[in-house]
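S.K.: Chains as they are written, first to last, in our numbering: chain A, 1 to 614; chain B, 615 to 1228.
Hints in this document: simulated from the structure, not taken from any laboratory. Certain hints may be false.
Listed next, the stretches of chain B that the computed footprint assigns to chain A, with coverage defined by at least 3 CB atoms under 8 Å from CB atoms of chain A [claimed, not checked]: (1) 651-658; (2) 1153-1160; (3) 1194-1207.
Just so it is clear, CB atoms sit at the ideal spot from N, CA and C, and this is done for glycine as well.
Number of protein chains: 2
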Amino acid sequence: MYRTHTCGELRSAQAGLTVTLAGWVQTVRKLSKSITFIDLRDRYGITQLLFGEELSQQLTENPLGREFVIQVQGEVTERTSKNAQLPTGDIEIKVSSYTILNKSMTPPFTIQDDTDGGDDLRMKYRYLDLRRQTVKKNLELRYAVNRAARNYLHENSFMDLETPFLIKSTPEGARDFVVPSRMNPGEFYALPQSPQTFKQLLMVSGYDRYYQIVKCFRDEDLRADRQPEFTQIDCEMSFVEQEDILSMFEGLIKYIFNTVKGIDYTDHVERMTWEEVMWNYGNDKPDIRFGMKLLNLKSAFTLGGKLTAHGELIKDAGFGVFDNAETVLAIAAPGCSEYTRKQTDELTEWVKRPQIGMQGLVYIKCNADGSLKSSVDKFYSEDKLKAIAEAVEAKKGDLILVLAGREERTRKAMSELRLEMGRRLGLRKENEFKLLWVLDFPLFEYAEEENRWVARHHPFTSPKPSDIGVMIENSPVIAEAEKYLEHPYNHIKANAYDMVLNGNEIGGGSLRLYQRELQEKMFAALGMTPEEALHKFGFLLGAFEYGAPPHGGIAFGFDRLCSILGGSESIRDFIAFPKNNSGRDVMLDAPSTIDDKQLLELSIQLNTSGRDSL
Amino acid sequence: MYRTHTCGELRSAQAGLTVTLAGWVQTVRKLSKSITFIDLRDRYGITQLLFGEELSQQLTENPLGREFVIQVQGEVTERTSKNAQLPTGDIEIKVSSYTILNKSMTPPFTIQDDTDGGDDLRMKYRYLDLRRQTVKKNLELRYAVNRAARNYLHENSFMDLETPFLIKSTPEGARDFVVPSRMNPGEFYALPQSPQTFKQLLMVSGYDRYYQIVKCFRDEDLRADRQPEFTQIDCEMSFVEQEDILSMFEGLIKYIFNTVKGIDYTDHVERMTWEEVMWNYGNDKPDIRFGMKLLNLKSAFTLGGKLTAHGELIKDAGFGVFDNAETVLAIAAPGCSEYTRKQTDELTEWVKRPQIGMQGLVYIKCNADGSLKSSVDKFYSEDKLKAIAEAVEAKKGDLILVLAGREERTRKAMSELRLEMGRRLGLRKENEFKLLWVLDFPLFEYAEEENRWVARHHPFTSPKPSDIGVMIENSPVIAEAEKYLEHPYNHIKANAYDMVLNGNEIGGGSLRLYQRELQEKMFAALGMTPEEALHKFGFLLGAFEYGAPPHGGIAFGFDRLCSILGGSESIRDFIAFPKNNSGRDVMLDAPSTIDDKQLLELSIQLNTSGRDSL
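Hey, can you work out the whole structure from these sequences and the hints?
M.R.: Printed below as a string of structure tokens:
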């Protein structure tokens, strides 16, 4: 060993001990001709080194630069002026000798929490960026979550079973990354988008409880904060019902909260159906740390139709904007009734931005004195405004915000506005964590381009038992495209659930199909011919004929979970070597061209003009 | 939950309890009209079910087949005739009702330890093969090793840090699997052959101790028992010397022995240099559970030349086979002096097989009475034979076996013969585990085809400190190919080590280069131009300029380690979904062709005729 101790462990109890340390030069402070202080850094901490007269002289002749790697011998000494900020702040090392193990050029940016390096520079020199305390803390948190998840799952009889990476291409939804096979010319492996079918086979094989923390791959156009390779905590259980899975995995997340963040999450984890969250929050992963629920002043969002819109409140007032809109939605922003004209104008501009895309914003001020004042006073009497205020549960002092327009856009816009107001009002507290199960998703979604059904979760999700008949007895064919909403398949609910944390989907899963007949019906519903289904998933259909148990599972987005626990918006900060938005690793300069010989061996050639024909 | 208990947990203490079990029908035994026994199986065990008269009647009408999935309710009852073989053998369940959860066709082979299924059938129906107790035990062992390794490494401050799978192709030695990038037309990612450079960057970043249990990929022609994707326990440490790594990782393996196998490996782990093992055992991963060391009767194997051959013992006897051979090697097989002519003939045939490739076998019997009898009595007097016997440490009753021929082939053949004799004589005991460190490998190997040096371990391995000067001061160019043995580079020793278990290399590693100058010299030694080196490994050379610490590590072949601990020759038995020797997954039928649209999107096309030009 190049050291007897790390830079994080010495305390005054060790005073008098002769030690050897090794690490990086964080700072050099020459106090006088005879005293130089150096902060020595390693993974475990920082220790102050004191260089006396003779060694300081040497340092003047041969200066140590930032990030030099050195080894020092010396005596642990109690400091006269202690540094309470530092765990090792009670001591320093009186250096007797030192060796330079490696030099360093001046780093292209400072190795500090608030670095002066831009994103591109930091990514190119990621090995230096990883030295920064903030990034290191993120990766330490990631490892702690990894460790906690494994411990919890192990204690609950889950087994880590590895599934293959070189599999078969069965694109459903997202694009596969593919790998040409040299030994099988003209053929390709695919990288897994998830180990879905394998974990199901393991259930068929009787392994009962499976988990894996595993890389998955999707060749999608990268939006901000998506990565072509990402990590899942992937789990599956046999002989379970939905309730078993919900309680097992809220247990997992609570365990992680406790172990990693020291948070004792004793609250009951709330559960809402997909219809409820869409109705009340306008999206399927609501942030429930605050209220500000949506009030629907016009028509239901083509949900089950069980929830009633308050259409009568705005009817017959002659206000064209509301009358002609497909949907009119309101929220009550608490304590904002005294917004100035400038502030409401700014909010109006905010909803008119292209990302939000609304035409305008209507507001109703619920003044502290009980009076109401709106931007649509011309059309609505105070009584009518009062009725709206009551319906949206606005209190004195609140500001009601109303959006109107096309259904989907308006719903999304109001959902965004709600989150924005929550943020502005400090209701999305960084240290508050609020879990939510969203249940009973629709099984299918309508794909307009192809006039067919696609699986909302994935093709292996089972319908609610009460909907099995609907699925079996009806043809999936959509005879009249414009009437797809009336098709029986549009109302089938899935045995599917998402776990939402502070407005982010952190995990999702379902109870699976496990009977060949129903799985075949599902493939047919998605527009596959029996031949296609057999070609792509023959192994799974086969497996279901030999005693497949009822089973279900869940997968958590590990990168996302870590970033939320770490209080960051960006998953990239929690990945050691991430790729940029073009899928490039700028440090490696990958992807890159390969040799002609490699191409020949793989029986492929480039065809960069062929894309134009797509 | 479909069950209150598993099939492995009920004991007589639970007698009287009403329980629900779920699992697979292992066997149905109809004892009489009124009694049917069914063995119900799940991951945790087998429980006997007793169906009374009424239910037996139902079973007669609707029989339960093997591998049906059923759920039963009933009362735990103490058995009259207990089965001591079974943990649950004291009880049975008096079934009150049952439900068929899923049916099963008759499996294509029996789900038993000694199945009637051939290899191909078992691989096609791997999900059924995985149900067999033997395969399940293997995967349980694999998980136990995984868990033990993680616990040990965690306790020793190692962090699991994930490295990317979509990286840059830098083929050195083995071929890369590549992945066309859709977003970067004409460019490719590569799948990692190991996370080597990333773990080194993590050391440069100061993470100090890293580990990962991680998939790696090599596109090699598959010999028996190689897989295109395989798993490594990959580790790296900073500020260490060789001794630190050896003791840390023999600790790991001992911990695994203890935790997984209950073996307290207190023996000192033997250490031998590469020269010693090549000299004494003829290969670099000797099985040292037994002796039978090689005696060299002619010339040294172009090793360092420090070890002396016993050439004088066979000189000047006029025996052309020995006189003309490059190498003559002997071993003494203990207790085999009474081998019959038939037996020695059979051994001669054995060494003449094409896999071994020798011309013949010379033997010397050391009879119990002290006399010696050989197949070359014509040339060697009993005195000379006695001298040979003494040199090879043969005792009375031993049989000396001698091979002669071209150096490399003879050495390999003798190494194989030694292992074969060890096997035949029962010296390779299944329950004995013997670890060995092989140290001081050569840094370079000579590649005849290209008349250049290749890295024996990999291009990131450092030379012994005493050889750094030799490496720096000499040109790697081999002016005269036939004199490569005399080139100074041929004698440079590496800071590299392999861990050998029972004749298998289970892990290997090295102290790394960490200075740019030396790393550049290494790349040059391997025939790379400075431009190539920068193009391929610029990020690593760059990293070494910003304070790279001394570091080193090791990687264990996880599949192999598990198979040895499980007492099997085949790693495939320890992989849930392995590929066959053509790299195919016969269950999935992968690799397979992909759609033209996928090819177009990836900017590639097939070129199956291009290979012919290679």
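S.K.: Confirm or reject each hint.
M.R.: Tested hints:
Coverage of the stretch 651-658 of chain B by chain A holds. Counting CB-CB distances below 8 Å, 4 residues qualify, and the rule asks for three or more. Judged by the Cβ-Cβ criterion of 8 Å, the stretch 1153-1160 of chain B is covered by chain A as claimed, because 6 of its residues qualify and three suffice. A stretch counts as covered by a chain when three or more of its residues have a beta carbon under 8 Å from one of that chain; for the stretch 1194-1207 of chain B and chain A the count is 11, and the coverage holds.
In summary, this structure violates none of the numbered hints.
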